[in-house]
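Here the protein sequences line up with chains C and Z, keeping their order.
Using our numbering, the first residue of the first sequence is number 201, and each one after it goes up by one.
Using our numbering, the first residue of the second sequence is number 201, and each one after it goes up by one.
Hints may contain errors.
Any copy will do: because identical chains look the same in the list, a pair fits if it lies in one copy or spans two.
As the list claims (entries may be wrong) - Keeping only pairs whose Cα atoms sit at most 35 Å apart, straight-line, the calculated DSBU-like set for lysine-lysine is:
#1 232 to 307
#2 307 to 466
#3 292 to 307
#4 292 to 466
#5 466 to 232
#6 232 to 292
Since the hints were derived computationally from the structure, they do not count as laboratory data.
Protein chains: 2
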Amino acid sequence: MFTGLSAFPLTPMNEQGVREDEFSNLVERLAKAQVDSIGVLGSTGSYAYLSREARTRVTQLAVSSAGNVPVIIGIGALRTRDVLALAEDAQKAGASGVLLAPVSYQKLTDDEVFSHYETVCRSLSVPLCVYDNPGTTHFTFSDELHGRIAHLPQVRSIKVPPVSTDINAARERIARLRALIPEDVTMGISGDAVASTGLIAGCDSWYSVVGGLFPETALAITRAAQAGDAQTVQRLSDRLEPFWVLYREFGGSLRVIATVAEILGKVSTPCLPLPLNTLQGNQRNRVEQVIEQLDLR
Amino acid sequence: MFTGLSAFPLTPMNEQGVREDEFSNLVERLAKAQVDSIGVLGSTGSYAYLSREARTRVTQLAVSSAGNVPVIIGIGALRTRDVLALAEDAQKAGASGVLLAPVSYQKLTDDEVFSHYETVCRSLSVPLCVYDNPGTTHFTFSDELHGRIAHLPQVRSIKVPPVSTDINAARERIARLRALIPEDVTMGISGDAVASTGLIAGCDSWYSVVGGLFPETALAITRAAQAGDAQTVQRLSDRLEPFWVLYREFGGSLRVIATVAEILGKVSTPCLPLPLNTLQGNQRNRVEQVIEQLDLR
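Build the full structure now, drawing on both the sequences and the hints.
Listed below in structure tokens is the structure:
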């Protein structure tokens, strides 16, 4: 479950609620493509913006639409108490694994984050992936803390933030972390634009935003990486460069992928919770051009 | 309401819920001291960690314990939809004003933040204070954006982040923002350690953490500032320097003030929601020493 391609779909919504049919369709598409796992209610799935009830409902829909593909559910919340409740909900609804980010409002200490993971792990019967995303959680893991948490028995993977685009620097970074964690804990790369570098540098999986909408595109890169074909990995990823440029210029992956999904009619417009907006005006035009140029569909 | 001393009490809680009696006692103490307003469910009041229902209950308790002192309620949340609901709840429960921070998970754009405030202001019948706290919201206001938002008719104050300790730099900073906002919009200083500088530099109010537990101490500084007695302001604030040192060394004001409240028995231990912890071990000993040294009670 924590190797290969983990595809993270959007949770399309508006001010009235989640668009359940559209969400199920996105998940079915991933199941049909036979991705290795489906990462539901990640940052791309806007978990932080949904109530406990809505998150349970989305989990149920995902599990029933995912066929034989394991579903990993994001259970992050500000309070340990709420994470425990979300973990129970996710397990009851059939999640195969959970993904936990140390979401913060007040800045957290290392000891607080460790205790948070320790408490949650004690209540889990499914494996957990540590979600390291300083851009949204505003918590920065030290390697030492990763090592401590990775030794908790339920921890089976770490979703690591973007590595350097320099392959040697990326290899060093992955090797440094690898040395501190148990052998059976996998490392997965986030940040689509450097995913190919991450995979070549030794990551076991790709926690992928683009894969949540275009699974075949992301699978081709992942399978080439798993076959050790670095040249094909690089070529396929380089082809998507105009897409990665949009991520860099327009404030990250979420708004771009959500805008693409709207333009292609995979989701209704708008699909993000206010105050978040998809891209408009000239930025939207740029996205349309890239969709056409890359023949994304 | 948005001038003088606005005192921000803790919302003492544990994993079972809010300690309602202790919270009411904290508010009554502020009312008795006749602070100018009580800022409930600010960052010190852990608003981000509480459910809508708990926040309504805390608002009701505050209003019924505050006597003739106006109560300002923090209504921040990730979603515009949730802020609208919280605003309605706060108004129904008798809030005299509201405090709104642009809380974020995904990084927000200036236009998103402006629309967020505009939408919320349209639904308000009480005045609003813009809560600028980049350390917790991870959104940085430009002066230009402050100017735009401050011209929305319901906006009556801006809670500004700590200014420079250099009085001339602080004066310049306050004057620069003042020039961009309407005359009847006040500016209040956050960051207890530089509050005296902020007040001398031209701020109309002090949004005070220490004032939420020690109202007389904070009132003495505020009243001296209002009388134009810069020397007394400085002397009274300098006396508290050992306290400000704790803020700096131990990761901000919340953990320090919560630890002080626990040590003095104003609240039960623990009083913060997990994963947050009050200070323990040597750090707690340091806090005890400062309490004794300053004769805080």
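Hints, verified against the model:
no. : hint       : in the structure
1   : 232 to 307 : between (41 Å within a copy, 33 Å between copies)
2   : 307 to 466 : between (37 Å within a copy, 24 Å between copies)
3   : 292 to 307 : both (31 Å within a copy, 32 Å between copies)
4   : 292 to 466 : within (29 Å within a copy, 40 Å between copies)
5   : 466 to 232 : within (16 Å within a copy, 59 Å between copies)
6   : 232 to 292 : within (24 Å within a copy, 50 Å between copies)
Consistency with the previously given hints is maintained throughout, with no hint failing.
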